[in-house]
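Can you build the whole structure from these sequences, using the hints too?
There are 6 protein chains.
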Amino acid sequence: MPFITIEMKEGRTLEQKRRLTAEVTRLVSEICEVPEDRVWVFIEDLKSDSFGKGGKLVIDEN
Amino acid sequence: MPFITIEMKEGRTLEQKRRLTAEVTRLVSEICEVPEDRVWVFIEDLKSDSFGKGGKLVIDEN
Amino acid sequence: MPFITIEMKEGRTLEQKRRLTAEVTRLVSEICEVPEDRVWVFIEDLKSDSFGKGGKLVIDEN
Amino acid sequence: MPFITIEMKEGRTLEQKRRLTAEVTRLVSEICEVPEDRVWVFIEDLKSDSFGKGGKLVIDEN
Amino acid sequence: MPFITIEMKEGRTLEQKRRLTAEVTRLVSEICEVPEDRVWVFIEDLKSDSFGKGGKLVIDEN
Amino acid sequence: MPFITIEMKEGRTLEQKRRLTAEVTRLVSEICEVPEDRVWVFIEDLKSDSFGKGGKLVIDEN
Numbered sequence: 001m002p003f004i005t006i007e008m009k010e011g012r013t014l015e016q017k018r019r020l021t022a023e024v025t026r027l028v029s030e031i032c033e034v035p036e037d038r039v040w041v042f043i044e045d046l047k048s049d050s051f052g053k054g055g056k057l058v059i060d061e062n
Numbered sequence: 001m002p003f004i005t006i007e008m009k010e011g012r013t014l015e016q017k018r019r020l021t022a023e024v025t026r027l028v029s030e031i032c033e034v035p036e037d038r039v040w041v042f043i044e045d046l047k048s049d050s051f052g053k054g055g056k057l058v059i060d061e062n
Numbered sequence: 001m002p003f004i005t006i007e008m009k010e011g012r013t014l015e016q017k018r019r020l021t022a023e024v025t026r027l028v029s030e031i032c033e034v035p036e037d038r039v040w041v042f043i044e045d046l047k048s049d050s051f052g053k054g055g056k057l058v059i060d061e062n
Numbered sequence: 001m002p003f004i005t006i007e008m009k010e011g012r013t014l015e016q017k018r019r020l021t022a023e024v025t026r027l028v029s030e031i032c033e034v035p036e037d038r039v040w041v042f043i044e045d046l047k048s049d050s051f052g053k054g055g056k057l058v059i060d061e062n
Numbered sequence: 001m002p003f004i005t006i007e008m009k010e011g012r013t014l015e016q017k018r019r020l021t022a023e024v025t026r027l028v029s030e031i032c033e034v035p036e037d038r039v040w041v042f043i044e045d046l047k048s049d050s051f052g053k054g055g056k057l058v059i060d061e062n
Numbered sequence: 001m002p003f004i005t006i007e008m009k010e011g012r013t014l015e016q017k018r019r020l021t022a023e024v025t026r027l028v029s030e031i032c033e034v035p036e037d038r039v040w041v042f043i044e045d046l047k048s049d050s051f052g053k054g055g056k057l058v059i060d061e062n
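Chains as they are written, first to last, in the UniProt record's numbering: chain A, 1 to 62; chain B, 1 to 62; chain C, 1 to 62; chain D, 1 to 62; chain E, 1 to 62; chain F, 1 to 62.
Simulated from the structure, these hints should not be mistaken for lab results.
Note that this is a predicted model, so its numbers are computed, not measured.
Any given hint could turn out to be false.
Simulated pairs of lysine-lysine, DSS-like, Cα-Cα distance not exceeding 27 Å [claimed, not checked]:
id	chain 1	residue 1	chain 2	residue 2
1	B	K47	B	K9
2	E	K9	E	K47
3	C	K9	E	K56
4	A	K53	B	K53
5	A	K47	B	K47
6	F	K9	C	K9
See the structure below:
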């Protein structure tokens, strides 16, 4: 531990996911004072037809 | 906020997801006394081979 | 199933939680076409010193 | 309830998921002293390009 | 990994939580064919005034 | 969105949580190319008697 879960709209590249994993790990390791190899990162893609705000799915936002 | 996550067996239509998003948002906005545009809804489809009750996966229920 | 999780800022009354549980259950039961007694609702209180937007914890928002 | 969620790297067989569901249910039912038919199990497959430890995605581990 | 989360009504003893952690770990390790020291277990207590089924909070069930 | 959840052992200071919230938001905003005010951060404290690895609760680790 710590365990970091990043939920974001689908569509980011593998390269962005690699950067998120590496840099969020470095940051959390530094602030929480734990070795990097004990930090877990999970990335979840949110589909536009499965989430939304203000009563509308993202897919239906103009 | 608030954030509402609805996990349900896969198979519902996009129309049902639209209705859930709109009507759950309206209800939570009213009861929690927050504007609708601050209410998030997330819908997760549960696959029948990945969840179950009483020791059986849904896929194996007769 | 379905399973509904409602995460919201701490401070709502037990009465509001009762209304949310009853009315969200009725709505989801109707739209998803399942009996009410198969609908689960979970309510999670978010502490103001443990979540935030735009880089600030809610506790630090003026 | 209880509700058990098992998150693991993708690739396990349906047979392994069946065994996990049956045997974890039996164990939790016994220890928590609740009937098996009130125990829910959820299995989530983690994709190798979407999680990792020590700053690296599993897909990039040698 | 794997990561197992057990959500259950509050009230279980520390001893029950110890048994759950040890025995669920052994079982998952065996079925998923991973060493025990790579299996994580998380136990979450559900408060009776914060979850329910069929439109009623557990606290209000007779 | 994006939504970032950080689960870590209880005991970090409010100041650490403030730094995590501010700096993780800045990092994710930059990599995901979204404005900072659309990034949500949630911090969850894990109690030592409620999680563990290798079959032991953290509270029981020597």
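Hints, verified against the model:
As the CA atoms of K47 of chain B and K9 of chain B are separated by approximately 6 Å, the hinted pair is consistent with the 27 Å bound. Distance check on the hinted pair: K9 of chain E and K47 of chain E sit about 6 Å apart at the alpha-carbon level, within 27 Å; holds. About 21 Å separates the Cα atoms of K9 of chain C and K56 of chain E, which keeps this hinted pair within 27 Å; it holds. For the hint linking K53 of chain A to K53 of chain B, the alpha-carbon distance of about 32 Å lies beyond 27 Å, and the restraint is violated.
Restraint check: the Cα-Cα separation between K47 of chain A and K47 of chain B comes to about 16 Å, which is no more than 27 Å; the hinted pair holds. Distance restraint check for K9 of chain F and K9 of chain C: the Cα-Cα separation of roughly 22 Å lies within the 27 Å cut-off, and the hinted pair is therefore satisfied.
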